[in-house]
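Make a model of the complete structure from these sequences and hints.
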Amino acid sequence: MQKALSRNPNLLRTLLGLSVTLIIVLGYSIYSASIESEYYHYHTEMEESSIILNLDNDTADDNMLWTSSSSGSLTWVNITITGAPEGSSLTITSGGSKWWSHPLLGDNDAENFNCLEPNSNFEMVNHCDYGFTHSIVIDDTDSTTIRGLLSDQLPLSGLGTIRADNLSAAKDDSVSILEGANMSVSWQIELSHNSAIDNDAVDLDVTIVSNTLNGVEKFQLNPFVESIWSLTALMSCFVMALALPLGIYYASIKREQRLNRLRNVYDESE
Numbered sequence: 000m001q002k003a004l005s006r007n008p009n010l011l012r013t014l015l016g017l018s019v020t021l022i023i024v025l026g027y028s029i030y031s032a033s034i035e036s037e038y039y040h041y042h043t044e045m046e047e048s049s050i051i052l053n054l055d056n057d058t059a060d061d062n063m064l065w066t067s068s069s070s071g072s073l074t075w076v077n078i079t080i081t082g083a084p085e086g087s088s089l090t091i092t093s094g095g096s097k098w099w100s101h102p103l104l105g106d107n108d109a110e111n112f113n114c115l116e117p118n119s120n121f122e123m124v125n126h127c128d129y130g131f132t133h134s135i136v137i138d139d140t141d142s143t144t145i146r147g148l149l150s151d152q153l154p155l156s157g158l159g160t161i162r163a164d165n166l167s168a169a170k171d172d173s174v175s176i177l178e179g180a181n182m183s184v185s186w187q188i189e190l191s192h193n194s195a196i197d198n199d200a201v202d203l204d205v206t207i208v209s210n211t212l213n214g215v216e217k218f219q220l221n222p223f224v225e226s227i228w229s230l231t232a233l234m235s236c237f238v239m240a241l242a243l244p245l246g247i248y249y250a251s252i253k254r255e256q257r258l259n260r261l262r263n264v265y266d267e268s269e
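For the record, in the sequence shown the residue sitting at position 191 is 190 according to numbering that gives the first Met the number 0, with numbers rising by one throughout.
Hints are all accurate, no fakes.
Have a look at the derived ranges for each label pair, beta carbon to beta carbon: (1) F112 x T20: 48 to 58 Å; (2) G179 x A59: 39 to 49 Å; (3) L17 x Y249: 18 to 28 Å; (4) C236 x S175: 42 to 52 Å; (5) A200 x D57: 18 to 28 Å.
Hints listed in this document are in silico derivations from the structure and should not be mistaken for laboratory results.
Cβ coordinates follow ideal geometry from the N, Cα and C atoms, glycine included.
As structure tokens, this is what we get:
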């Protein structure tokens, strides 16, 4: 390092200049990427409403049957039953559209669970069953809930992300997503048991969540904050890269100064 500096006294200045230039160029590129995003957020208004259930009074004493229908850009369906006898079976069948369901769906404490299976080889976690019919055995007479998803295209929390060339295209794509998820579903819900069921004690409530487009906006980061973080990271990298050669350089200077002092002391003693 010392020999290189002796041959080129401006080497240190050149290294520092190149480092500062790279920091500025890379920082500007990150700043540009943060304000020129190709991603857009679309917001949907999620409205939960109960559907009207029609009870069939012509079923056997050990069976109860409800029918209903729903339509719209639907995501969630929630079926809650209270007062059902323990050990009875609740079966929900949809007509017109398959749906996803699992006992862990909607459980905030669920572990190793991903409702929508990415692919057939993804076997490390539990995932929802996909079909027209789902059932559950009642083990709590107070209240039992089964949840389901009707669409894997709509945002489940009301906020979705799409990639588009401009805001107009993003709005068109958002409308297409909601129109593609628009469906009409008929429901048949059956409660069965091995003994007579007290119809007056059983209460069934079914709610569905429909989505309507509420707005589309460009995804943006705070360019000032992102620039500060990026510059800090880049400067840290360059400091680490230059620390060793600069340390060797200054150590060699100190060593040379020490040797010169020793030579001067030796010359004076003679």
